[in-house]
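Participant: Chains as they are written, first to last, in this note's numbering: chain D, 1 to 347; chain A, 1 to 292.
Don't take each hint at face value.
[To be verified] Incomplete in silico selection of chain D near chain A, CB under 10 angstroms:
1. 44
2. 113
3. 194
4. 198
5. 202
6. 304
7. 318
[Claimed, not checked] Here chain A is said to cover these stretches of chain D; the calculated rule only asks that three of the stretch's residues, wherever they fall, bring their Cβ under 8 angstroms from a Cβ of chain A:
8. 138–147
9. 255–264
10. 280–294
These aren't lab readings, by the way, just hints derived from the structure by calculation. Keep in mind that this is a model prediction, so the values were computed, not measured. Note that CB positions come from ideal geometry on N, CA and C, so glycine has one too.
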Amino acid sequence: MLIGTAKHSYRADEALLTTRPQRIWMGVLAVGLALAPLVLDNYWLYLACFVAINVASATGLNILTGFTGLVSLGQAAFMAVGAYTVAVLEIRIGTPFLLNLVAAGAVAALIGVVVGLPSLRVKGLYLAIATIAASFILHFVFVNWQTVTNGNSGLSVPPATFLGTPLTDYVQLYYVFVPITALMVLGAANLFRTRIGRAFIAIRDRDISAEVLGISLLRYKLMSFAVSSFYAGLAGGMWAYFFRVVTPESFPFVYSIFFLAAIIVGGMGTILGGILGAVFMTLVPELLRFVVDILSPVLPNAGTLLSPVRTIVFGALIIGFLVFEPKGLAEIVQRLRRFFHLWPFKK
Amino acid sequence: MDVLFFIEVSLAGLGSGALLSLTALAFVLIYKATRVINLAVGEVLMLGAYLFFAFASGLGMPAWAAIPLAIAGGGAIGAVVERGMIRPMLGENPIAVFMVTIGLGSVLVGLVELTWGTDPRALPAFMGNAPIFLGEAYVSRKIAIAFVVAALVIALFLALFRFWRGGVALRATATDQAAAYSCGINVPGVFSLAWIIGCGTAAGAGVLLGAIGGISPAMGVFGLSALVVVIVGGLDSVAGALLGGLAIGLIEAWAGTYLGGEYKLVTTFGLLIVALMIRPYGLFGTREIERL
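The shape of chain A in the complex, shown without the other chains:
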């Protein structure tokens, strides 16, 4: 086995793993605060990429203006969805809320197809193409940039959770809603905030992902891989999303290279089932105790 090649594959895997972590973070944020698995994260990610496409290519904006706008667009979708669909469903069966987000995903895919058509497109280049070498190993510039950005964003989130009032409020809400309420935390506000930040993050991840592989209405499938990450890592654990994302990215890259591209998804899902059988609440998730 060629060691250099193996290292290159692993680096590429870590790069896509970082994107997985970022997307998984969107799941975790929303789940932590509101106990909703938002299956539409993949579709919000796709929408973010298309918004960037519209601003950068359609309106001719420079990347530094288009990216924040795309992220803000994702956040706006999150806010609307939270107020319009999730808030009225509070207290309903979690499966029902889960299904609402599946419906939302379908609506978003339809809207994107209606507006931009079904053909895949390429995002305007804004990262440059010059390859990067780590020692002797070649890394695609886009993947390297995606990795760095994802790492920075995740670090920022970790810092925010630790030190920012909003982050602390979010953790308090996740731990005990009623207690958080009685301490004067605006719980509905935290719900909205979590959805806005979660969907904004997903939209940002969409821009990065689109820059690497082009955009198409089928991009939302990436959300399924990210879902595997959060299940393996534990639905309410930021660290789990982080490590799970990197691990799944690596394993997917290895499986894709050494077994063949068709083994990518099946390895991921096989891993998921194994993880579920060993630790049903995820590697770092909180174990829920059920009482009669």
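Bound-form chain D, shown alone:
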């Protein structure tokens, strides 16, 4: 049984991994992620890559919404900006793909700052609605800026090339996307050990007090938007290399809701929450597909039911978590950890 963790210095207190079991489990996770492609088949690798993209974007939204308290329903639109940036750079200029990804993040961050400007005047629900407006306006731009985006027919993206080899199959993409996502998550976790991250949290908890304490709301709110959109842009760039075609319909409004739902289900304001939520919300529809496959001999038209049932489950998950488990999956994990810490003294 673990009694507690005594810390002797501020450094130790601020460390990311404080206990031995944590370090061991993180090591197991890293090795597991590295070896996973050896055992996973193509379908699961596809899912793993998709999950990695969603985790990256959800982590970004978590920085903005979970840690800074600025609700945004425009995350998918920022991803679209990143995806279009990658597509245009890859087609027109052919710059190396890592550079393209960073450029995607940078462009999205720039747009994010512009979209974030209203956050200085409005907040809460009004801000959420302003971001809805921004995402519809961006969608309009993608449809109508024909010379760059090719309108509704969209752009097809050539595969990413790394050291001369095109990355086409899911194993290669897995080994690119998962490390990038891991780095991004690590970056997010580290952000909250710095002054900037702590300023974000102060703004979330009470923005007026934060300002009184000397945090420039202008700077930090916009910075939060920039960081979050940078994550979204990078994720969108990976998305473009993954699906290889970008159209205005690739990033519908409901995809933004998906990310907000993911961080709610996972747990707002925890790094773990963003990861768990994105994994969970991406995999549940796939599980439903298995259920439908099993049911198909019994129910003749099970296949046609899949899409509406997914929609219902999506909504029900949001409602269920908010009403019964507002702190999300991360809280359940904490409860499990506590159980093992206290076992056998407390059930």
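Go by the hints and put chain A onto chain D.
Facilitator: Structure of chain A alone, referenced to chain D:
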């Protein structure tokens, strides 16, 4: 520019604006009483249209019976949602409650798709088709009827707020909950009432909207335009919903006709951002003062 054509476009815009006002009223009613933005209003509207479809087309009821039933169905949904989801969330972060209504919208869309399929359908005609002429300007009969009905309902609401006990109770609750409680007003009752009336109104608006443009599970998007209306008009202002709805309806009609259909939504949302930058609490909304 052809003046007659311009007038016709404007009249059609006012017609759809009246529907926007009616839907916006559903937002305002619920927000005023419970401080919840119900993003599922668009989906309740869609459900109302489908209920009407089921009663009129599926069970073969006449319109005068099917419309009240559809409205009552919307109200029932409102009652269930208020008791089941919103009441337990009282006092939570408004964003969390907002997200619950987004989830609710998703569930409603899924249920409708499960029951009636995803294909768009036409509602049985119950308004007739003979065109109406105002002077020389042609107005579609359906839009004219929708405008008149919406205007009547809004007038009725304004009268109710002014003279009916329930309306006064609602205004009292909106102004100061604790004071309303201590004056003997049944505040939870007012919450339920607001949701029932709000969702019933939305369902009724859905029947009108469905009669004009047909019904499909994607109809709920109309709720987003109505949301713009309430933000521009002020979330807690009935007059704001009224004027905002007409103004946005007109502007959408003009943008759709003179710039092209794809400019409709983008103009609306552009307007929204401008309005937010100028008056963040809406043109007629109450300015909230924040204290540390």
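Participant: When the structure is checked against the list of hints, which entries are broken? Sort them ascending.
Facilitator: The structure conflicts with hints 1, 2, 3, 4, 5, 10, although it agrees with all the remaining ones.
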